[in-house]
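Colleague: These protein sequences, in sequence, are chains S and Y. Anchor point for the first sequence: position 106 equals 106 in my numbering, and the numbering is continuous, going up by one each time. Anchor point for the second sequence: position 83 equals 83 in my numbering, and the numbering is continuous, going up by one each time.
Note that these hints are calculated values from the structure, not bench results. Among the hints, erroneous ones may be present.
[To be verified] To be clear about the criterion: a stretch of chain Y counts as covered by chain S if any three or more of its residues have a C-beta under 8 Å from a C-beta of chain S, and this derived list gives those stretches: (1) 41-48; (2) 104-111.
[As the list claims (entries may be wrong)] Computed beta-carbon distance windows for the label pairs: (3) Gly51(Y) - Gln45(S): 19 to 27 Å; (4) Gln45(S) - Val96(Y): 12 to 20 Å; (5) Tyr51(S) - Gly16(Y): 43 to 51 Å; (6) Pro40(S) - Ser22(Y): 17 to 25 Å; (7) Asn61(S) - Leu88(Y): 33 to 41 Å; (8) Asp38(Y) - Pro7(S): 17 to 25 Å; (9) Ser18(S) - Arg109(Y): 27 to 35 Å; (10) His82(S) - Ala52(Y): 39 to 47 Å; (11) Asp95(Y) - Glu64(S): 21 to 29 Å; (12) Glu79(Y) - Pro40(S): 25 to 33 Å; (13) Pro7(S) - Thr69(Y): 37 to 45 Å; (14) Gly16(Y) - Val60(S): 42 to 50 Å; (15) Ser84(S) - Thr13(Y): 29 to 37 Å; (16) Arg22(S) - Asn30(Y): 30 to 38 Å.
Heads up, the beta-carbon is just placed ideally off N, CA and C, and yes, glycines get one too.
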Amino acid sequence: AQSVTQPDARVTVSEGASLQLRCKYSYSATPYLFWYVQYPRQGLQMLLKYYSGDPVVQGVNGFEAEFSKSDSSFHLRKASVHWSDSAVYFCAVSPLSGSFNKLTFGAGTRLAVCP
Amino acid sequence: EAAVTQSPRNKVTVTGGNVTLSCRQTNSHNYMYWYRQDTGHGLRLIHYSYGAGNLQIGDVPDGYKATRTTQEDFFLLLELASPSQTSLYFCASSDVWGQDTQYFGPGTRLLVL
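Looking at chain S on its own, in the form it has when it is part of the complex (with noise of 0.2 Å):
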């Protein structure tokens, strides 16, 4: 069975600094991968998603991910994060086969931006 850790539940950077929040998945396969974000009192939204080729694929509001398959990992940067930033984090993972290819999530990272 597919499974998502994202090993960090929290991260607190401070304003302009860069990010990386860690994704590691667990498939027989390369799976689809997937970045979603939830702001304060709202539902997830997709920042990005990576199904082949260039292993770097950008997202919205400068979010970018890199796969590698070596390292079964989908890690999300940012140059340099806003204060808007501050939410939290989903890695999810779907099969790339079969009728049905349901999302398997994370538990999610939560960001604090500090001023």
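Keeping the supplied structure of chain S fixed, place chain Y upon it in accordance with the hints.
Modeller: Quick look at chain Y alone, frame taken from chain S:
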């Protein structure tokens, strides 16, 4: 952009009570999903549907029923609510299947006393 709405936004009930959570999407997406979100667990899939009248079981279905009455409307039913069902519930929809972007509603916070 896809629009998914949920009602009510907050609900308090007592153990053994009957609760219905409603979800509507206005983009004619085929797939709709119900998740629960609990601290330390992320989102877990309860039920999903790929069209009106269709229902599929997710990963944590015990104690929940669901019904998809139209392309737009998907309901989650708790017929004998228990405190363990206190959670934040999200509905989502997608056009094709799980690999496609899922669009989420704002959530319903349920408290079972």
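Colleague: It remains to establish, for every hint, whether it holds in the given structure.
Modeller: Results of checking the hints against the structure:
no. : hint                             : verdict
1   : 41-48                            : holds (count 6)
2   : 104-111                          : holds (count 4)
3   : Gly51(Y) - Gln45(S): 19 to 27 Å  : holds, 25 Å
4   : Gln45(S) - Val96(Y): 12 to 20 Å  : holds, 18 Å
5   : Tyr51(S) - Gly16(Y): 43 to 51 Å  : holds, 46 Å
6   : Pro40(S) - Ser22(Y): 17 to 25 Å  : holds, 23 Å
7   : Asn61(S) - Leu88(Y): 33 to 41 Å  : violated, 24 Å
8   : Asp38(Y) - Pro7(S): 17 to 25 Å   : holds, 19 Å
9   : Ser18(S) - Arg109(Y): 27 to 35 Å : holds, 34 Å
10  : His82(S) - Ala52(Y): 39 to 47 Å  : holds, 42 Å
11  : Asp95(Y) - Glu64(S): 21 to 29 Å  : holds, 25 Å
12  : Glu79(Y) - Pro40(S): 25 to 33 Å  : holds, 32 Å
13  : Pro7(S) - Thr69(Y): 37 to 45 Å   : holds, 41 Å
14  : Gly16(Y) - Val60(S): 42 to 50 Å  : holds, 44 Å
15  : Ser84(S) - Thr13(Y): 29 to 37 Å  : holds, 35 Å
16  : Arg22(S) - Asn30(Y): 30 to 38 Å  : holds, 33 Å
In summary, the structure is inconsistent with hint 7 from the numbered list given earlier, while agreeing with all the others.
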